[in-house]
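Note that the protein sequences, when read in sequence, are chains V and H.
Counted from 1, the first sequence has number 61 at position 61 by the working numbering; the numbering is strictly sequential.
Counted from 1, the second sequence has number 1084 at position 84 by the working numbering; the numbering is strictly sequential.
Possibly wrong hints are sitting among the right ones.
Dumping the calculated DSSO-like pairs for lysine-lysine here, alpha-carbon to alpha-carbon at most 30 Å [as the list claims (entries may be wrong)]:
#1 K100(V) x K1036(H)
#2 K1152(H) x K134(V)
#3 K1152(H) x K114(V)
#4 K1173(H) x K1100(H)
In short, the hints are calculated from the structure, not lab data.
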Amino acid sequence: MVFTSAVSFVRSKGPDEFWKKRRIFKLSAHFIGRSRNCYSLAIRAVHRALVYATKGRKLRKLDMSDLWVTRITAASAQHGIDYGTFRNGLIQSNILLDRKALSDLAVWEPYSFKALTDVAKRKVLDDGLSSTLKNESNLDEIINRGTLNNCKSS
Amino acid sequence: MSVLKRVQQWATFARVWHIYDATWQNPFASAELIKKYLMGLYKPIYHPMNDCGDHVIVINSAEIALPGDEWTKRVYFHHTGYPGGATWTLAWELHTKDPKMILYKAVYRGMKGNLQRRHTMQRLHIFPDANVPAHLLGNVSNQIKQLRPIPKRLDHMDPEVVKNSPKIFDYPKDYIVR
């Protein structure tokens, strides 16, 4: 059922049985089997599909955030810091990046991501939680506010 | 696409071969570790629908160590489908029949049951001993670190070193060493 112009679609709001069914068939056009063409089956399938679509809008967001966490976990594990420690270290350092931005950096900007893990690791070291880190090489090059305060006091 | 980018693309999506020594390792904890490499979960480009999993070669699967008394308590269930076709096999029995099976089942059950699981399992190569065919071993470029270090056994140590190391106590005369 192809609509070549918007005119017929506008008319399909009327009380006419044909146009009412046509509105449903337009939504069921890609279904498999008789639920594509038999109205009584199509209307049930369309209702179910719309319920799935409503639920799917929320599930899609959850799936994406799960994927971002998986990716950040993988990328931070490569630099010897686990996900929770990494996020906490960034927040303590006032680097407020969300999961989407971090996972994008992990995929497309691995060097920037490594710099972020180094900052987080430096913060974790300054907080005296070095046992949570796997390798602590080259962290002396990084200076943050905590390090400066430590230098002043010592 | 420049030459550099093309090589980068290859390097990103190439399958890496890992090797894991299962000697004295807990198969169920190892399965969690092996799963990450099989599914590509350790890569930042991971996506359930992109095929970024790697191959894992597991050697010495006959030498696995089950925790506690699981050799005698863990039971593997199988049903042939016919009436009275149910069998319950203890872990030690299964291990004597096929030393690869416990590890295989541990990895298989560690993954979510979907259509991809059987294809992912095709990339797991388990060997009961250290004899890996050369055409597989040639692909290996990474070794997965064992979960636990293997302690060195006294009877495997150099007898010279044992004799020269300081002695802390003598066994009593009537003590039976098992």
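The hints, checked one at a time:
The hinted pair formed by K100(V) and K1036(H) meets the criterion: a straight-line CA distance of about 22 Å does not exceed 30 Å. At most 30 Å may separate the alpha-carbon atoms for a hinted pair to count; K1152(H) and K134(V) meet this at roughly 25 Å. Restraint check for K1152(H) and K114(V): not satisfied, since their Cα atoms lie roughly 37 Å apart, outside the 30 Å limit. A threshold of 30 Å between alpha carbons decides the hint, and for K1173(H) with K1100(H) the separation of about 44 Å lies outside it, so the pair is violated.
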